[in-house]
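Enquirer: Listed below, chain by chain, are the residues.
There are 2 protein chains.
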Amino acid sequence: MAHEDHKEIVQEIKGNMPDADTLFDLADFFKVFGDSTRIRIMCALFERELSVCCIADIVGMEQSTVSHQLRILRQENLVKVRRDGKQSYYSLEDEHIQKIFEMGLEHILE
Amino acid sequence: MAHEDHKEIVQEIKGNMPDADTLFDLADFFKVFGDSTRIRIMCALFERELSVCCIADIVGMEQSTVSHQLRILRQENLVKVRRDGKQSYYSLEDEHIQKIFEMGLEHILE
DNA sequence: TGAACATATGAACAATTATTCATATATTAT
DNA sequence: ATAATATATGAATAATTGTTCATATGTTCA
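Protein chains in written order, with numbering that gives the first Met the number 0: chain A, 0 to 109; chain B, 0 to 109.
Because the hints were derived from the structure by calculation, they are not lab data.
Please read all numbers here as calculations on a predicted model, not as lab measurements.
Nothing false has been slipped in among the hints.
Pairs of lysine-lysine residues, derived as DSSO-like cross-links and limited to a Cα-Cα distance of at most 27 Å, are as follows:
#: 1; chain 1: B; residue 1: Lys98; chain 2: A; residue 2: Lys13
#: 2; chain 1: A; residue 1: Lys98; chain 2: B; residue 2: Lys13
#: 3; chain 1: A; residue 1: Lys30; chain 2: A; residue 2: Lys98
#: 4; chain 1: A; residue 1: Lys30; chain 2: B; residue 2: Lys13
#: 5; chain 1: A; residue 1: Lys98; chain 2: B; residue 2: Lys79
#: 6; chain 1: B; residue 1: Lys13; chain 2: B; residue 2: Lys30
#: 7; chain 1: B; residue 1: Lys30; chain 2: B; residue 2: Lys79
#: 8; chain 1: A; residue 1: Lys79; chain 2: B; residue 2: Lys6
#: 9; chain 1: B; residue 1: Lys30; chain 2: A; residue 2: Lys13
#: 10; chain 1: A; residue 1: Lys85; chain 2: B; residue 2: Lys13
#: 11; chain 1: B; residue 1: Lys98; chain 2: B; residue 2: Lys30
Covered stretches of chain B (in silico footprint by chain A; criterion: 3 or more residues with CB under 8 Å from a CB of chain A, positions within the stretch not fixed):
#: 12; stretch: 5-17
#: 13; stretch: 20-30
#: 14; stretch: 37-47
#: 15; stretch: 98-104
Where a beta carbon is used, it is the ideal one built from N, C-alpha and C, also for glycine.
From just these sequences and the hints, can you work out the full model?
Expert: Following this line, the structure appears as C-alpha cells:
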C-alpha cells in the first residue's frame with residue numbers, strides 16, 4: 000500500500016480509462032511504427048505508390064524481408080495493394096499515418 | 000531488377016527521405032508506444048501525476064515492472080519525475096504524447 | 001541508529017519479433 | 001507449355017524485450 004489517498008486515486012483513474020482491449024489494440028497499432036524498416040517503408044510511400052522491388056532497393060533489404068513487413072502494414076490497415084501485371088504496388092491507406100509520423104518527428108527533434 | 004523506371008524512382012525517393020539515423024530514432028520513439036503496459040501507464044498519466052505504487056495498482060502489475068517501464072518512458076523524454084518524500088511522482092513531459100495517442104485511437108476506431 | 005516503506009536496478013527467463021534462405025504462387029511473354 | 005520475373009510465405013535463427021524475483025538505494029520517523 001502507500002500514501003493517504005492511494006485507493007481513491009486508483010479508483011478514480013481506473014474508472015476514467017478506456018477499456019483494456021482498446022488500449023491493447025492501440026499498442027499493437029503503434030508497434031507497427033516501432034521498427035525502423037517499417038518506418039522507412041512508410042516514409043518512402045509518403046511520396047507515391049511503389050512496387051515491392053523498388054521498396055526493397057530503397058531500404059536496402061531483401062525482397063522477402065520487405066514482403067513480410069508489408070504484410071504487417073497491411074494487417075494493421077496502414078497500406079493497401081494494387082496488382083498491375085507482375086508487380087504489386089503499395090500505397091498508404093490514409094493520412095493519419097503521415098500526421099502521426101510528423102508528430103513523432105517533431106517530438107524527437109526537440 | 001524490375002520495371003522500366005525502377006532506378007530513377009529509387010534514386011528520387013532515396014534523395015527525399017530523412018536520413019537513416021533520424022528514422023531509426025523515430026522508430027525507437029514509437030517503440031515506446033508499442034507496449035500495452037506503457038500505453039496504460041501513459042493513459043493513466045493523462046489525468047494527473049501519479050506515484051509509482053498508484054500506477055502499479057492501476058495497471059495491475061508489479062511495482063518492479065512499472066519502475067522498469069517508467070525508466071524507458073523517462074529515457075525517451077515522455078515522462079518526468081518529482082521526488083516527494085518516499086514517493087516518486089511521474090507526469091507527462093508534454094502534450095505531443097496525448098495528441099499522438101488520440102490520433103492512434105482515431106485510426107483504430109474506424 | 002535502526003525499522004519501515006517507496007522506488008530503482010541487476011540477473012534470469014520466457015516470449016516475441018525481424019531477418020534470411022528456400023521455395024511456392026502468380027503473371028507475362030515466347 | 002516453358003521460361004523468366006515479381007511477389008508471397010513457411011521454417012529456422014538470432015536478437016530484442018517484457019516480466020519477475022531478489023536485492024539495493026533512498027527517505028522518513030521513532
